[in-house]
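Asker: First to last, the sequence lines map onto chains A and B. If you use the working numbering, the first sequence corresponds to residues 1 to 84, in order. If you use the working numbering, the second sequence corresponds to residues 1001 to 1161, in order.
The set of hints was computed from the structure by calculation and includes no laboratory data. Fair warning: this is a prediction, and the values are worked out from it, not measured in the lab. Positions of the beta carbon are idealized from the N, C-alpha and C atoms, including for glycine. Just so you know, not all the hints are guaranteed correct.
Unchecked claim - Derived DEER-like restraints, expressed as beta-carbon distance ranges:
| # | chain 1 | residue 1 | chain 2 | residue 2 | range |
| --- | --- | --- | --- | --- | --- |
| 1 | A | 44 | B | 1023 | 47 to 53 Å |
| 2 | B | 1098 | A | 53 | 24 to 30 Å |
| 3 | A | 53 | B | 1095 | 43 to 49 Å |
| 4 | A | 32 | B | 1156 | 30 to 36 Å |
| 5 | B | 1091 | A | 53 | 22 to 28 Å |
| 6 | A | 20 | B | 1110 | 24 to 30 Å |
| 7 | A | 54 | B | 1138 | 41 to 47 Å |
Stated by the list, open to error - Below, a list of computed lysine-lysine pairs in the DSSO-like style, where the Cα atoms sit at most 27 Å apart:
| # | chain 1 | residue 1 | chain 2 | residue 2 |
| --- | --- | --- | --- | --- |
| 8 | B | 1132 | B | 1092 |
| 9 | B | 1132 | A | 11 |
| 10 | A | 11 | B | 1092 |
| 11 | A | 3 | B | 1132 |
| 12 | A | 11 | B | 1145 |
| 13 | B | 1092 | B | 1145 |
| 14 | B | 1145 | B | 1132 |
Stated by the list, open to error - In silico negatives: residues of chain B with every beta carbon more than 12 Å from chain A:
| # | residue |
| --- | --- |
| 15 | 1008 |
| 16 | 1009 |
| 17 | 1015 |
| 18 | 1019 |
| 19 | 1027 |
| 20 | 1060 |
| 21 | 1080 |
| 22 | 1097 |
| 23 | 1146 |
| 24 | 1154 |
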Amino acid sequence: MLKVLFFARIKEQLDCASLEVQWRSALADLDALQEELCAERGALWREVLAQDNMIRAVNQVVVPGNTPLGDGDEVAFFPPVTGG
Amino acid sequence: MSVSTPAMATSVQEEDFDVGALQRALLAGSHGEGAVAAFTGYVRVSNDQREVHCMELEHYPGMTQRSIADIQQQACERWPLLATGVVHRVGKLYPGDQIVWVGVASAHREAAFSACEFIMDYLKTRAPFWKKELGPDGGRWVAAKAEDESRAVRWREDSAH
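Isolated chain A, as found in the complex:
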């Protein structure tokens, strides 16, 4: 399984904090996962996840671009951070 998390404004816009996706070899990377989520869930998801400044993390490390995924990975989508 892949665990997918959403935070802050993204979580509100999608009305979704987390979901699980059955992993299979076609979900080989982050872009493939994102495309699958959009195809399944429709225009709102496509629009929200395509936002400028969206940050993606795999296994709690921010990744700058497309990244391979494997079974058991944790993926997160979130806006620019505002801590401190």
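Got chain A; can you put chain B on it based on the hints?
Answerer: Below, chain B without anything else, positioned relative to chain A:
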């Protein structure tokens, strides 16, 4: 003579903290400190002239602790430090409340000042927290500031020289 690994304490918590106790903890059991530089961040009463009643701090559990510890580790690799400590609160906070504390101990003040600033600059741009201001007209997510990103980027440029 071997150099011992700097002590490192990291906490993400809802509870308030005592800066005196944190500074004493920073120094506990070590020797050679000539300097401690520390920073405390508070919830502003108002932001952009908009009255803030309450601030909610959301975070990514697990990644917050890891990313802060990683930032502290980077500071220890760049400067000769004896200890670092970071406490960051989450949950509902009110104007005047403490949000974050960063403390750095070193033999000399230059490293302490620089490392403390570095850790704060990276905390503001790398650690997965998000602030939401709740006011009389509803909630608003605080936007990341370009200025914070430039402050973080300059540490990269500095290290290239």
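Asker: Among the hints numbered above, which are violated by the structure, and what are their numbers in rising order?
Answerer: 3, 6, 7, 20 and 23
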